[in-house]
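Chemist: From just these sequences and the hints, can you work out the full model?
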Amino acid sequence: MIPRTIESPAPIETRHPAALPQLRLVRDATQARQTTPLIPGSQCANCMMHWACIASAVPSAQREQLDQMVHTWRKIAKGEALFRAGDNFHALYSIRSGSFKTVVSHPNGASHVTGFQLSGETLGLDGIAADRHTCDAIALEDSTVCSMPFHCVEDLCQDIRPLQHRLHQLMAEEIVRESGLMLLLAGLSAEARVATFLLNLSTRMQDRGYSALSFTLRMTREEIGSYLGMQLETVSRALSRFQREGWIVVSGKNIELTDKAALTEL
1 MIPRTIESPA PIETRHPAAL PQLRLVRDAT QARQTTPLIP GSQCANCMMH
51 WACIASAVPS AQREQLDQMV HTWRKIAKGE ALFRAGDNFH ALYSIRSGSF
101 KTVVSHPNGA SHVTGFQLSG ETLGLDGIAA DRHTCDAIAL EDSTVCSMPF
151 HCVEDLCQDI RPLQHRLHQL MAEEIVRESG LMLLLAGLSA EARVATFLLN
201 LSTRMQDRGY SALSFTLRMT REEIGSYLGM QLETVSRALS RFQREGWIVV
251 SGKNIELTDK AALTEL
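My numbering puts the sequence shown at residues 1 to 266.
Take these hints with a grain of salt, some might be off.
[Said to hold, decoys possible] With a straight-line Cα cutoff of 16 Å, these simulated EDC-like cross-link-like pairs (lysine to aspartate or glutamate) come out:
1) Lys260 - Glu245
2) Lys78 - Glu223
3) Lys260 - Glu191
4) Lys78 - Glu174
5) Lys78 - Asp142
6) Lys253 - Asp207
[Said to hold, decoys possible] Quick list of the computed label-pair ranges, beta carbon to beta carbon:
7) Gly229 - Asn254: 21 to 29 Å
8) Ala212 - Gly246: 34 to 42 Å
9) Gly79 - Ser56: 23 to 31 Å
10) Gly229 - Glu256: 40 to 48 Å
Derived by calculation from the structure, the hints in this document are not laboratory data.
Backbone N, C-alpha and C fix where the C-beta goes; we use that ideal spot for every residue, glycine too.
Modeler: Right, here's the structure in full:
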């Protein structure tokens, strides 16, 4: 199985519209520093994705300390960057809603998708080692993230050991994700890679309370191919074959899995 880094539809949050601030779409790295303060009702305890993000490690008795740390959130427009390779590392970002892709650019101008992240997951871990980001994080849809200044995370980890443990888990998961992707690219046929991708997404949708059998792909076929190490045409041929066999139903970006057992056997 490949690591869990794909996409998801934005979960619906039950808040009164009047309580929501007018958020500004982030357009570049400079504007990214302009953030919207959290307001009552939008703090960690009220977030639909609280159970999945790094904040889940904080005991309820210490939740106020967490809310003081997670003091801003921002909305990133589809296609815009949360951060880019070479940007100074300042914070970790928990995806409140929406989804992202991470992309590495090579000196020859080529780019490679290294992962897909969705609600509840953490972005920015790549910047810890050298205090600079090593990839671009691009929104696949209009998305919202909570900003956690890393120096505050480190300080809070000293007082809240479960948070420190969760941070270590996240960094270890990055290592596992990288090795899992290498194994996927080296050991499976093209059709098996696409099937594994869909099954991985199915599991992650189910984990978030969505349908495990019917979902929307926010990324393009080309982006899927970049992630899986294959051409756009190869991805399209695999999906077409799955549909002919009756294993899936494809309608634009919408996918329905009708025979997961057959996909698993590839």
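Chemist: A separate judgement is required for each hint: does it hold in the structure or not?
Modeler: We went through each hint and held it up to the structure:
For a cut-off of 16 Å, the pair hint linking Lys260 to Glu245 stands: about 12 Å separates their Cα positions. Proposed proximity of Lys78 and Glu223 is supported: the alpha carbons are some 15 Å apart, at most 16 Å. For a cut-off of 16 Å, the pair hint linking Lys260 to Glu191 stands: about 14 Å separates their Cα positions. The suggested pairing of Lys78 with Glu174 is violated, with an alpha-carbon distance near 24 Å, which exceeds 16 Å.
Proximity of Lys78 to Asp142 is assessed by CA-CA distance (about 5 Å); at most 16 Å being required, the pair is judged to hold. Annotation: proposed proximity of Lys253 to Asp207 is violated, straight-line Cα distance about 21 Å (limit 16 Å). Between Gly229 and Asn254, the C-beta spacing of about 25 Å keeps the proposed range 21 to 29 Å intact. For the pair Ala212 and Gly246, the supplied restraint of 34 to 42 Å is violated, since their beta-carbon distance comes to about 18 Å.
Checked against the given bound of 23 to 31 Å, the beta carbons of Gly79 and Ser56, roughly 30 Å apart, stay inside it. Take Gly229 and Glu256: their Cβ atoms lie about 26 Å apart, and the range 40 to 48 Å is violated.
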